[in-house]
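Visitor: Okay, here's what each chain looks like letter by letter:
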Amino acid sequence: SAKAATPQIRSRKTPRKTPSKPLEQARARLHVSAVPSSLPCREDEFTDIFSFVKGHLIDKLWGCLYVSGVPGTGKTATVHAMLEELNTEVQEGEIPAFQTIEINGMRLTEPHQAFVQILKHLTGQKATPQHAASLLEQYFSSPRPKSKPVVLIVDELDLLWTRKQDVLYSIFDWPTKPKSGLIVVAIANTMDLPERIMMNRVSSRLGLSRMTFQPYTFKQLQEIVEVRLQGLRAFDSEAIQLAARKVAALSGDARRALDICRRATEIAERTKQKGSKGTVGLNHVEWAVEEMFCSPKIMAIRNASEQEQIFLRALISEFRQSGLEETTFEEVLKQHVSLCRLQGFTPPSVSEIWSVCVHLASSNFATWKL
Amino acid sequence: MDPENWKNEILCRDKQLSILLSLMGKNSQATPPAIFIYGHSSTGKTFLSRKIIEAKGAPQAFVNCIECQSQRLLYEDILGQLSGMLPCVQNDYARYARCETANDFVRLLKNLIANEKWEKETVYIKPLSQDQLKINVKQGVDNAERLRNMEGHILPVFLRLSELSDCNVCVILLTQIIWEKFNATSGYLDPVKINFPDYSKNELLQIMTLDAPKEYSKAFYSSYVNLLLSIFHMACRDLSELRHLALMNFPKYIEPIEKGDATEGDAHKLWRNIEPHLKKALQTVFLREVSSSQWEQYQLSDTSTLPPLLSARAHVELPFYSKFLLIAAYLASYNPAKSDRRFFAKSHGKIRQTKRMKKAETSSQLTGPKAFQLERLMAIFYSIVDVRVAPTAHIFSQISTLVTLQLLSQIGSGDQLDAPKYRCCVSLDFIRSVSRTVNFEVMKYLYEFAA
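Top to bottom, those sequences are chains A and B.
Under my numbering, read the first sequence as residues 41 to 410, first letter to last.
Under my numbering, read the second sequence as residues 57 to 507, first letter to last.
To be clear, the hints were calculated from the coordinates, so they are not data collected in a lab.
These numbers were taken from a predicted model, which means no experiment stands behind them.
Be careful, since some hints might not be right.
Claimed, not checked - Label-pair distances were calculated between CB atoms; the ranges are:
(1) B/T157 to A/H120: 33 to 43 Å
(2) B/S74 to A/E331: 45 to 55 Å
(3) B/T157 to A/R147: 36 to 46 Å
(4) B/S439 to A/F359: 52 to 62 Å
(5) B/S74 to A/S402: 31 to 41 Å
(6) A/N343 to B/T157: 34 to 44 Å
(7) B/E431 to A/E370: 50 to 60 Å
(8) A/S402 to B/D70: 53 to 63 Å
(9) B/S74 to A/G384: 35 to 45 Å
(10) B/E431 to A/N229: 53 to 63 Å
Yeah, the Cβ is synthetic: ideal placement off N, Cα and C, and Gly gets one too.
Just chain A, with the same shape it has in the complex:
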């Protein structure tokens, strides 16, 4: 049979430019996709996961590990680094060979598609979800002396939740079988996910081997950025510190810190003056932080039309008078007309005020229901 074509995208006509200037190089290194070979500030977590999986592989014990932490704390990156390290050890002959399967709940159209994906990776077979589930059940419960053990990485675990929880149950039930040869590493955001959404029999199968990734502190964030910029004179050290502190105070998300630094390099490039150092300073970072964290609402209100501003004032004064958070259009209309009279305008017609209201609602300043 003819071999199926591998999907690929068209190649570029002109090759991509390699960054030459320090700021350009910094931008390339600060990109979220440019993951460094060794992850700074996640050494402990790395060792824990690594020893868990390695120990299980050597002892031929099968089980689950649940990894949780808020977004941008390096969960997936650490797991990937762990897999790479394991593969080098396999090549050195220290541990037996194993197979890796990765599925991501977000990339599945439907939770039951997980079975199809796992089966496809495992045997190259295509099947319907029900059929795949029974095949996998058979696969993991029968003894397979020749095949390699399997490390299954399940990212975005919470999206595999179904009402009957059969997908979660199967994934955590397979490793409990003595002949399965399966180690499951499940990744999700919330720490108490097993207790919150899973049935008792599912969460008990998941077991108690859990690991939590804490949000980065400002020192760690600073280190992450500094490691990436090693050997480049692009940033002032206070600038990095400011970005790290701002991000750590809000979320501790490393992606956010990297994005702010990249935006700061763009700002620095644009506002560069002759004779200056050409590095990213405090003011550039401040600018980038403001762009990212400030809500645009105040700006929008400031630039709203006169009647829109009057309508918002009417809304506020109506709320003050009634003490409630909700009111009818009729009441606001009265306030609007009297505010217009006070300011010496001819009050607009009801249709006009209504269109003002709809315009404000379409830009999310007010919500309304009929």
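Please build the complex by placing chain B on the supplied structure of chain A, with the hints as guidance.
Guide: Just chain B, lined up with the frame of chain A:
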């Protein structure tokens, strides 16, 4: 196209005509993406817009939204009309294309315009001719409700159809409700709005004079219409309804002339002849209680008695116990529960309580029927029926039959078996005629009318 020639056909719409003509311009010129025409029923919205678009000769589609219960029908109808491929016997019910979504619609419309080389011409689409709303109002369904039941993206897509398809497409929306009712939280591209105001009395006169029959002069017919309007204009300003009335009653008006009793100039005599007739018509024909053909027969036969009205014929034959059940239900609906003791118990306690209870704040005849429970209905039923009735399955099945006949209505579908609640849906006149047939004096038991 020669709008000058229309001056005799289209009366009293000069302003709207000139606005529409100037907006549309020549076929090769760009038009506004959407025009929203609103006004009351029979103010000439459909007539005028159809006339203009047809005169233009541009590709066009007229859609009535009440015929399009799903978006697929709407899209396929428009594409079919534009391509001239409407399903019919000759083409074996073939259609232009299958079109399920707005996305497909825009793509197919673009293809169609490119294939037919219409890039230079304006394509007119007139969907949402909300005659649907007109009919719904008569049925008592809230019209805005209906609109929100349509998929939320359809109206925004039609409003920016020219932008999405990148072609010169003009969408004309006709409706009776104002634009403000169409607004959604996400906002729309505003169309050009044109109002069609109601016709004044003079304008109505001018338009209706066009109907003058050949045998009589225009001035004569005009004076007849004037008479007609003097009676009907208070109650009705709907042009089509008035035209219908004028045609219906004209034979009676000219009767004295045909008989030779009067001449065309004899205005007073004609007026005396027609006036009582028209006053009677106001009560009957306008409400369609007597059908138009019956009215014509009545005029010809010269009998002074009208056939029985629809409302007067509201008379239903019911079994004996059903009648009592219905009376009991009526009493339960319109009497407060605390007055039951006074009316139906053998010894009803102290008299002085009733004096205090006597004055109700508002009349229950005005506030409508109240809900009651099955137990209360049965209790009243047993106290008003003199003979002993066993609570058999027949009695209970009669209650559910009364519900299916819509004489009672069941409310709250929550507890069907344990505690069903009902409400009585018949009028006082109806219940009085029912109680007369079983010799029961219902007025004595009604809280408001009992002495």
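Visitor: Hints first: check each against the structure and report whether it holds.
Guide: Results of checking the hints against the structure:
no. : hint                         : verdict
1   : B/T157 to A/H120: 33 to 43 Å : holds (40 Å)
2   : B/S74 to A/E331: 45 to 55 Å  : holds (52 Å)
3   : B/T157 to A/R147: 36 to 46 Å : violated (25 Å)
4   : B/S439 to A/F359: 52 to 62 Å : holds (56 Å)
5   : B/S74 to A/S402: 31 to 41 Å  : holds (33 Å)
6   : A/N343 to B/T157: 34 to 44 Å : holds (37 Å)
7   : B/E431 to A/E370: 50 to 60 Å : violated (43 Å)
8   : A/S402 to B/D70: 53 to 63 Å  : violated (37 Å)
9   : B/S74 to A/G384: 35 to 45 Å  : holds (37 Å)
10  : B/E431 to A/N229: 53 to 63 Å : holds (56 Å)
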